[in-house]
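Novice: One-letter residues, chain by chain:
Number of protein chains: 4
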Amino acid sequence: MVPLHLFQSALGLKDLERFYLEVRQTSEALGEPLSDADATVQSMPDASPAKWHLAHTTWFFEAMVLSRHLEGYKPFDEKFTFLFNSYYETMGARQPRPRRGMVTRPALDDIYAYRAYVDQAVARLLTSRPTRDAAELIELGCHHEQQHQELLLTDILHLFAQNPIRPSYRAPAPVSAETAALPALSFTDFEGGIVEIGHGGAGFAFDSEGPRHRVLTEPFRLADRLVTNAEWMEFIEDGGYTTPLLWLSEGWTKALAEGWSRPLYWETRDGQHWTMTLRGFQSLDPTTPVAHVSYFEADAFATWSGKRLPSEAEWEVAAQSLDVDGNFLDLNRLSPEPASPRKVGVQQMFGDVWEWTRSPFSPYPRFRAVAGAVGEYNGKFMSGQFVLRGGSCATPPGHVRASYRNFFPAHTRWQFAGLRLADDA
Amino acid sequence: MVPLHLFQSALGLKDLERFYLEVRQTSEALGEPLSDADATVQSMPDASPAKWHLAHTTWFFEAMVLSRHLEGYKPFDEKFTFLFNSYYETMGARQPRPRRGMVTRPALDDIYAYRAYVDQAVARLLTSRPTRDAAELIELGCHHEQQHQELLLTDILHLFAQNPIRPSYRAPAPVSAETAALPALSFTDFEGGIVEIGHGGAGFAFDSEGPRHRVLTEPFRLADRLVTNAEWMEFIEDGGYTTPLLWLSEGWTKALAEGWSRPLYWETRDGQHWTMTLRGFQSLDPTTPVAHVSYFEADAFATWSGKRLPSEAEWEVAAQSLDVDGNFLDLNRLSPEPASPRKVGVQQMFGDVWEWTRSPFSPYPRFRAVAGAVGEYNGKFMSGQFVLRGGSCATPPGHVRASYRNFFPAHTRWQFAGLRLADDA
Amino acid sequence: MVPLHLFQSALGLKDLERFYLEVRQTSEALGEPLSDADATVQSMPDASPAKWHLAHTTWFFEAMVLSRHLEGYKPFDEKFTFLFNSYYETMGARQPRPRRGMVTRPALDDIYAYRAYVDQAVARLLTSRPTRDAAELIELGCHHEQQHQELLLTDILHLFAQNPIRPSYRAPAPVSAETAALPALSFTDFEGGIVEIGHGGAGFAFDSEGPRHRVLTEPFRLADRLVTNAEWMEFIEDGGYTTPLLWLSEGWTKALAEGWSRPLYWETRDGQHWTMTLRGFQSLDPTTPVAHVSYFEADAFATWSGKRLPSEAEWEVAAQSLDVDGNFLDLNRLSPEPASPRKVGVQQMFGDVWEWTRSPFSPYPRFRAVAGAVGEYNGKFMSGQFVLRGGSCATPPGHVRASYRNFFPAHTRWQFAGLRLADDA
Amino acid sequence: MVPLHLFQSALGLKDLERFYLEVRQTSEALGEPLSDADATVQSMPDASPAKWHLAHTTWFFEAMVLSRHLEGYKPFDEKFTFLFNSYYETMGARQPRPRRGMVTRPALDDIYAYRAYVDQAVARLLTSRPTRDAAELIELGCHHEQQHQELLLTDILHLFAQNPIRPSYRAPAPVSAETAALPALSFTDFEGGIVEIGHGGAGFAFDSEGPRHRVLTEPFRLADRLVTNAEWMEFIEDGGYTTPLLWLSEGWTKALAEGWSRPLYWETRDGQHWTMTLRGFQSLDPTTPVAHVSYFEADAFATWSGKRLPSEAEWEVAAQSLDVDGNFLDLNRLSPEPASPRKVGVQQMFGDVWEWTRSPFSPYPRFRAVAGAVGEYNGKFMSGQFVLRGGSCATPPGHVRASYRNFFPAHTRWQFAGLRLADDA
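Chains as they are written, first to last, in the numbering used here: chain E, 931 to 1355; chain H, 931 to 1355; chain Y, 931 to 1355; chain U, 931 to 1355.
Careful, some of the hints might be misleading.
Because identical chains cannot be distinguished in the list, a pair is counted as satisfied if it fits within a single copy or across any two copies.
Derived lysine to any residue pairs resembling SDA-like cross-links, with alpha carbons at most 20 Å apart [to be verified]:
#1 LYS1237 with ARG1296
#2 LYS1004 with ASP1040
#3 LYS1009 with ARG1096
#4 LYS1184 with HIS1341
#5 LYS1184 with GLN1025
#6 LYS944 with ALA1355
#7 LYS1184 with ARG1343
#8 LYS1009 with GLU1197
#9 LYS1184 with PRO975
#10 LYS1184 with TYR1018
#11 LYS1184 with ASP976
#12 LYS1009 with ARG1027
Since the hints were derived computationally from the structure, they do not count as laboratory data. Computed from a predicted model, the values in this text were never measured in an experiment.
All chains should be modelled from the sequences, with the hints used to inform the complete structure.
Specialist: Structure (C-alpha cells):
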C-alpha cells in the first residue's frame, strides 16, 4: 500500500489553520456576487453549479477528514453525501454529474450554513492534536478547494455567456487610455540534456506531480511571451479555421461539427471584436494573451506559425530557471491582461493563462496511485487529456508552482487556456 | 382574412378587469412557494422554468396588446422580447426553448417588477375605452395565462422529482384515517347518432374548439369513473409493461428505450408504493385516479382491459349531459384525489386528471387559423398529438369546459394525465 | 376472439394459385436488375435490403402458413426464422431492424433457393384441400408480398440515391420530344352528408380497411389532378421552405434540422433541375406529379395555396364515384409520369403517387385487431402516422382500391408520395 | 520543405517490382473468400468495406504515383477519385467515411478490373526509369496496402460477427487433441538508461517511426509472454468488469455505456466460452493470447495484476535485443494461437497480437510531417490515440519491425489487440 503522504504536505498546525481559513473565506468571497439562481444552474455537463463547488469542497472535508478523524462528528445532513460527492467511486452513490443543476434545494444559504458547520468542526479538529494523516488531508482539502475556486469562475463565465443579456460577474475594469504596444516575439534557447522534473522538494504537491525524475530533452527554444489576441486574429484572417491541413484530424472533425471559427467567447458586432469576460461583454484587447482556445486550436496555430507547442518537461525546465514571485497576479485579476513590469527572458509563465503543452497527461515513472478514495484524485484521469502549465488569471495566487500539472481533454475551451510557442533549437 | 374573434370573447370591461386581476394574482400565488433558484431551473426541454412562465404570460400582454393598443407604451425592457417569446415566429427571434434555464438573470424579483409594470399598463388600457380587438386579446391573454398556471405546476413537480431530496411544493395533506372503498366500475350507455360538438355558445373559447359542427357517432359506453391507482397496479402485476402485444408499436419502442415499468412518479421502497406529488413524496393512494401516464400506457391499459379509449366526440357528448358545477375542485387541490360527493352516472369528468382520448389533435371541419401571431396559437400543433379532455386537479377552476381540447404528444408523461375506459355498445 | 377472416378473402383455389404464382414471379422480376451487393445493403433504418424483402415475404408463408397448415413441413433453414421476421412479437426474437443490412450471407441466390423451396410447399398445400384459414392466409401473404414489392422499389431508389455515381435500376425512359401542357387546376364539388366508407364488399381487404361504416362529411371540393413539379417549383420560389408560418410546428423543426429545401431527390446542377429516379438521374419534368415529399411539406404547400389536404373520407367518397380501370398503370411504370388519356372530372386517383390525406391513421369504429400474429399486421401502428390514398407508380397493378389505407409518419419522404388539394365547398 | 524520403525507402527496382507484385496478389488472395455483398457492407463507421480497401489501395497508386509520374496516364474512372480517397484533404472531396457502405456499384469485379488496370500502369512505370520520388511512393504504396490488408481482415471479422449465422471467412482449424499447458508468467529485467529508439537504419519505415533519438528509461521488467485468455477469465471472475477502481475514468464510463463484460467477440452459451474468429465461431482456447480488448480493458487488467503496461520505449528496447525471425507467423495464421517452439526470454513479441503500450501516440523529437498529401499519412493522428507494438496474426509477414508504431483510440476493440505486462524494476 502506498502511503498517503505522496501528497506532499509540510505545514505546521498554525500555518495550516491560517491556510484553511484563508481558502475558505476566499471561496465565499467568490460566491458573494452570485444570486441563488446564478449559483444553482449548470450550463453544460462539463461545468458545475457554483453552489455545488461550494458544497462539494465542504463535503470533501466532511467525508474525507471529519467522519474519520473527528470523534463524535455528526454529518450536517446525511443527504449531502449523495448530493455533493463528485466522482469518488469509493465513497458510494452520487448525483449524476450532468444533473447537478437539478438541485434547487438546498439553497445557497443552506450551503453557507453547511460550510460554517464544517468550518467549526475542522477548527475543533485542528485544536485537538490531529494525526499527521488528518492534517495532511486537511491540507489536501485546501488545495482541492483552490482548484474548485478556479472552476467556479470558469463555470460562472460559461453560464453568463449563455445568457443573452450577458451579465457581469464583476464590475468592468476601467478602460485604459492607451493600449500597450505589443513586444516583438523572441525566443530563449535551452540546451537540453538530462534534467530533473517533478515535485521533490518541500511543500505540498499533488500525487501526479511526482515522483521527481530525470528526463532527457533535446535542445529547444521557448517563446518569451504568450500568443496574443492580435496574433490569433492574424491566424483567423489567414484561414486558420478553414485550412484542414493545419489541424489534427480529430480537431478538424470537432471544429467542423461545432462550427468553430474563433475562440470560445469572441463575437463580432458591427465589424468590432468583442469577448465575454467575468467583467462582462468587453471590447477585445489585442495585446492580451489569447484565452479560451482548445488544444486542437493551439496546435493548429503552432503549425501555422511553423513552430510547435512545448512539452511539459521543456516548460518545467524553463520555469525552474525563473524567480516566479514577481509574476503572480493580485486577487482581483480575472481577465488575462498582461501584467507588468516584466523581466527580461521568458515571461508570463505564471498566472496569465494556462498553457497547452504537447504532452498527454501520463503517469511519471514509478507513479503509483494512493490507496483509498484519495487515490482517485488524479490517476484515473490519465487518458485522453493534455497537460497545461502555469496557471491563469483565475487561479488562486500561491496555488501554482513549476511542477503543477493541470489537464483537460483536447477539445476543452471554457478554461482560461492559451499557448506559448516552442521550437527545436 | 379570418377575424380575430374566432377566439370567442364575451366579457364586459368590468368583468374583464376582475378576471384579469384574479388571473394575475393567482399566478403570483403559485410562484410564492418558490425560491429564485426553483423558479429558474429547466428540468427538461419540454418543461419551462417557473420564472419563464411568469414572464412569458406577461410578455404576451406586452407584445400582443400593449405595444399595439396602448399609445405611448414603452416596453419594460427591450431584451425581454427576445427572452420571453415562446414560439411565435411572427414575433421575431427568441431564446431557444431548451435553453430557457440558462437565464439566471433577470431574477424572480425582476420578473415580479415586470408583472407589476405591465399590470399597471393594462389597467390604464382597460380604463381608456379599448377597442374590441384589444379587449379580446386581453381576455385571450388571461386564458393563456391560466394554461401556463397549470404548466408551471407540472413543470415544478417535474423539477422537484429530479431532486434526490424530493422537496414539497405545498405542505403535505393531512392523512385521512380511512381509505374510501373503491366504487365498482360501471358503464353508462350512449346511443350515438348525429350530435353537435365544439364551442358555439357564449363565453370564451380557443380557436381550435370550433367551429361547432355535427359528428356522427356509433352507440358507445363510457366508464362512470376514472381508472385508479389500484387498477393500474393490477395491470402492472399482470405484465402490462412486459407484454408487447398490448402496446402500440411506437409506444413499445419508447417504453423499452426509456425503461418504463410504472407511471412517471411512482417508486417502490421496501415493498411499499410511493409517488412524488406537489405535496411531496407520498404513499400511493389506491383509490385515486392514476396520473402521469402517457397515451401509449393508457392505450395499452385499455387493450389489456378489453376496452378502448373514448374518442373526443364521445367524451364531449357525455360531458354535455352533465351539470358540471359540482365537480369543480377548490383552488388548493393539487393531487388527483377523488372529490366528493358524487352524483350517479358519469363522474369525475372535470378537474381530476386529464383524460387521454383516442382522437389525434386535428382541425375541426372549416377550422381556419386566425391571421397574424395569434394564429400560431393552436393550429400549427395539429400533428403528432392526442387530445385530452376534462382538466386536472392542477387546472385553474373555471378554465375547463365541455368543448376544451388539450393536446400532448403520445409519449408525454409529466402532465396530470390519466384515462377513462370506453367501449362499443 | 376475432375470426381471422376480418382480412376479407374470397378467391377460389384456382384463382388463388394463379394469384400466388403471379405475385411470386413479379417479386423475382423486380429483383432481377440487382446484384448481390445491391440486394444486401440497408441505406437507412427505415429501409430494408431487397434481399430481406424477398426473404421476409417468403418467411411469411413459411411461418404463418406452412408450419401450421402443411403436415410434415420442414423449414428451409431454422436460422431464417430469426433473420427474416419483421416485427411480429408473437413470432419470437428477430434481427433488429436497423441491422438488417449486416446479413451478407445468405446470398441473394440462397434467397432464391429459399423462395423456390417455399413455392413448392405452397403448391403442395394448395393441391391438398387446404382449410379456409390456410387459404385465407395464403391470400393475405400474396397481398403482403405486393406491399413489399413497392417497398423494395422505394428502398432501392433510396439506396441508389446515396451512391455518388447515381446508378439506374431500369434503363432510362426515351425522352419525349415535347412536354405536355399542364392542364389548369380545377375543382369538383361534392355535397357531403352521411356516406359509407371502408371495405364491405367482395374481395380481399386488410383489416384496417373495415368495418365499413357511416361517416358524416361537410360539403367539399377536390382538385381534379395532383400537384405538379412546376407548381412545387413556384412554392419553392415563393419562399415555401423559408416561411415558418406555412408549416406545422413539428414539420418546421424537422425541416430546419434536416435542411429541407426541396423534395427528397431533387438536385440543381448548373441552374438545371434534376431528380433521382429508378431510371437514373433525370431532368425534372414540370408536368409530372410532385413526389417524395413529406406530410409536413404537403401540408405547408396546401396552406400556401390557401387550400387544405383532403380527409381520407373525402378522398374515398370521390374515389367511389369513379370507374378506376382506366387509371391503372402498366407494370413497367416506375416514375410518376402522367398517364393518358384522362377522363374528365377527378383524375389521377390511382397509381400515380400516394396522396397524403389530413387524416391520422386511426381505427375505424368497431375495429378490433385479429387475435394472434396476424393481428399485429396493422393495428399496432395506429399512432403517429397519416393516411395516404390511391397508390403510386410503384404499386403493383390491382393492389389498390378505393378503401385502401396506406400510412406513414409525417416526416417520411422516401415513398412515392405527393398530394391533391381540397377545400371546403 | 521536408524531403519525401523521410519515409525511408531502400529497394532496388527489381526488388520493388517483386514486392509490388507480391503485395498486390496477397490483397486479392484475401478478397478471394468474399462475395460481392461481403465486400460491400460497412459494419460500423470505424470499419470499411473490403471492396473499399481493395480500391482505396489502388487509388493510392493512381492518385499519388501514376497521375504525377507516368506521362499520359488516364485514370480508370474519374469517379473513383471521389469514391476511394480516404482522408487526404489535399486530394479533394470524397465519399464520407460512414457512408462507404452505400457504394454497391462499382461491383467487386469492377474493382478487380481497376486493380489490373493500375497494375499494368505501375509495371509500365517501373520499366521506364522512374524517378527516385516515384519509386519511393510505389514502395510507400506497398506498405500502405499491407496496412489495409490487416484492416480488411479486422473489418471482415467485425462484419461477420454482426451476422447471426456467424459465417466463417476461412475453414476452421483442425482441433488439436490437447491444449498445451500454460507456461508460468515470468519477467525479464532491463536495466534502463539512455537508449536509442526509432527507425534509423536501412529499409523502409513510416515517417512517424523517426527520427531515431535518445530516450531515458528507468530500470524495468517485461513479461516473457502475452496475457492469455485463461488469465483474462480470472480477471472477469474476480470482478474485473464491475470494479470501477481498476479503471481509468474515461474507460469506466465507456464500459458502462457499452455494457462491456468481456472481450469483444467472446460469448457464453450453456456455460461454455466461445469466440468469433476468422475461422468461424470457436471454442475459446485458454492458452491463446487474449485479443480484441481495448486500451481501457488492458490498463484495468494491468492494474488488477498489480503491474502496468510497458511504454513504447521499453517495448522497443526489449525488441531490439531479439532475433525476431523465429517469431513470424505463416501466411495462413488468422487467430492468435501460440506459435512454437519458443526461445527463452521475452517471447511472442511479433505477430501474435498487437500489444497496447501506455504511450500516447505523440511525435518523436524533431519529427516534422512531410509536405503535401503524403504528409497527412500519420502526423495528423497524433492526439487521442495509444501506441500498439509488435503486430498480430493478421499482420502481413515482413510488415512489422521493432520500430513500428501502430495506434488506435483507447476504446478500440475490433483490432487484434492484447497486452503484455510490465513493471518497475
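Novice: So, for every hint listed, does it hold in this structure?
Specialist: A quick look at each hint next to the structure:
1. LYS1237 with ARG1296: For LYS1237 and ARG1296, the Cα distance is within 20 Å only across copies (11 Å; inside one copy 32 Å).
2. LYS1004 with ASP1040: within (17 Å within a copy, 40 Å between copies)
3. LYS1009 with ARG1096: between (34 Å within a copy, 11 Å between copies)
4. LYS1184 with HIS1341: both (8 Å within a copy, 18 Å between copies)
5. LYS1184 with GLN1025: Result: close only across copies, 18 Å inter versus 29 Å intra.
6. LYS944 with ALA1355: Answer is neither; intra-copy 48 Å and inter-copy 41 Å both fail.
7. LYS1184 with ARG1343: within (12 Å within a copy, 23 Å between copies)
8. LYS1009 with GLU1197: between (42 Å within a copy, 18 Å between copies)
9. LYS1184 with PRO975: Classified as both: same-chain Cα gap 17 Å, cross-chain 16 Å, threshold 20 Å.
10. LYS1184 with TYR1018: Between copies only: 17 Å across, 30 Å inside.
11. LYS1184 with ASP976: This pair counts as both: shortest intra-copy Cα distance 16 Å, inter-copy 16 Å.
12. LYS1009 with ARG1027: This pair counts as within: shortest intra-copy Cα distance 16 Å, inter-copy 32 Å.
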